[in-house]
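As they're listed, the protein sequences go chains A and B. So in the numbering used here, the last spot in the first sequence is 312, and the numbers never skip. So in the numbering used here, the last spot in the second sequence is 1254, and the numbers never skip.
Keep in mind that the hints were calculated from the coordinates and are not lab data. Since the model is a prediction, treat every value here as computed from it, not as a measurement. Take these hints with a grain of salt, some might be off.
Said to hold, decoys possible - Output of the computed footprint for chain B on chain A, the stretches with three or more beta carbons under 8 Å from beta carbons of chain B:
(1) 132-140
(2) 236-250
Claimed, not checked - To list a few chain A residues with every Cβ distance to chain B over 12 Å, as calculated:
(3) T87
(4) T128
(5) E158
(6) E182
(7) R204
(8) S208
Ideal placement from N, C-alpha and C gives every residue a C-beta, glycine not left out.
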Amino acid sequence: QSTLVVAEHNNDTLIPITLNTITAATKLGGEVTCLIAGTNCAKVAEQLSKVKGVHKILVAQNDAFKGALPEELTPLILATQKQFNFTHICAGASAFGKNLLPRVAAKLDVAPISDIIEIKSQDTFVRTIYAGNALSTVKCNESVKILTVRGTSFEPAEVEGGSATSEEVSPSSPVGVSVWLEQSLSKSDRPDLASAKVVVSGGRGLKSGDNFKLLYDLADKLNAAVGASRAAVDAGYVPNDMQVGQTGKIVAPELYIAVGISGAIQHLAGMKDSKTIVAINKDPEAPIFQVADYGLIADLFKAVPELTAALK
Amino acid sequence: MSSRVLVGVKRVIDYAVKIRVKPDRSGVVTDGVKHSMNPFCEIAVEEAVKLREKKLIKEVVVVSCGPQQVMETIRTALAMGADRGIHVEVTGKEYETLGPLQVSKIMAALAKKEEAKLVILGKQAIDDDCNQTGQMTAALLDWPQGTFASEVTIDGDKIKIVREIDGGLETIQINMPAVVTADLRLNTPRYATLPNIMKAKKKKIANVKPADLGVDLTSRIETVSVDDPPQRLAGVKVETVDDLVAKLKEAGNI
């Protein structure tokens, strides 16, 4: 019984979902090994060595790992698996993990299990289907279980108190069929959507991208991240990386404020695990009110500035 | 360049239908429920048809795996402009356990048989929400993958892909042949017009059995149960912004 966690990082810091994945890995029982592949990962290895629950760290460095291309990382993971014979291979259910692990799984002729929210036993897992409208419990009879883990369903592992050993593994030779060119991350002083304590989200009710300024002003008062419904993304008001929902990000903050969002099932799937939900919508029939702890039936163009002012 | 693109389409319960879990917890009710093409697959078909209209590829072949009913889904893709279809017939028990791994084996086998230069799929299906088939098809073919694509530019034997990632976008360049999976913002799928629906009726759909492709459909994943998610109870309505602020303060939220 042993689990490999493929760490997600940017060569400088560990991406938080890796910590949630480590918690899931420790629940499987057995030793937890983390693989860090990158171009220059000494700093990340240092951080990871202190994370509680991690026994061993494998570090593979090569220029070919720039941009974490799945074509380059897959042979490395396969070689690592061949050497250590893990019973489970996990990564976070982020763009990184979702892109990479199915590729690894197919190479091993294994059906992976995406986006697990609960571990029932070493081979039985719960995941959501139909945008969170049903829970599916599946038993995996593969020799190696390959899982991506929903970050909001597992607490992050403690970042202090661990003492993992570290060893270098030799990177596989570059495959060279893909090149990473550039990244444009939305620059924001606000907290990250996936891990923010407070999230303010807007829907089609905002009527334009410019009107999202109302939400940014409110978010600044609450030190909140700003999200959006798929409808608002489809309408072109805001970029897709702000999308909260089954096809976007899954969030579970302490406080979620839904503004001008009707509450389509696909949106609810992305936020209904939030601790407290506030809905502001002028349509009293909007389904969002069925999940909201506090519902305010009001014109958002009046209510939001009032709320922002009240928080001064 | 004249080449062929293979597009996979999945028949799923229509996105607007509220699904119901079966009382015996074996799955969700599908009988008598409206089905449509998976929305991400529509985006994949649209992208392929656009590439052919720009003369960057020659032929769009659309594939669907399942019982007779998936012919409808193939016809919809043909009405959107795909050139011909392949119906991979999977029925009964095998259809019930058909998962992304088996479908990728079928797609990979067909990509070889059809000598496709490109496979375009939706990034995920809205029924099982797996988000795996494209990545696994690429792996089985040993082709590069451009997943969650919001922009695809073919340049000779290479494709530049802008991808949706957490926190923004990234751009990669991959060699052809390749597998691309479509994200939301790649395009807006067209509606099939009546003349095109009529034309689609004359387009050819080949029938293929998985065994003809040498694909074994054994699944090692068992569904133990399907359940309703825990329901969240609706809270209270507040009358004014001041009431809301008071409630949130009281609850310690702000």
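Each hint tested on the structure:
Counting residues of the region 132-140 of chain A whose C-beta lies closer than 8 Å to any C-beta of chain B gives 9; at least three are required, and the coverage claim holds. With a cut-off of 8 Å between beta carbons, the region 236-250 of chain A has 7 residues touching chain B; three or more are needed, and the interface restraint holds. Every beta carbon of chain B lies more than 12 Å from that of T87(A), the smallest distance being close to 14 Å; the non-interface claim holds. Distance check on T128(A): its Cβ comes as close as 7 Å (rounded) to a Cβ of chain B, failing to clear the 12 Å threshold; non-interface status is violated.
For E158(A), the requirement that its beta carbon stay farther than 12 Å from each beta carbon of chain B is met, with the minimum near 23 Å. Not every CB of chain B is more than 12 Å from the CB of E182(A) (nearest about 5 Å), against its label as outside the interface. The claim that R204(A) lies off the interface holds: its Cβ sits roughly 15 Å from the closest Cβ of chain B, which is beyond the 12 Å cut-off. A cut-off of 12 Å between C-beta atoms confirms that S208(A) is not in contact with chain B; the least separation is 18 Å.
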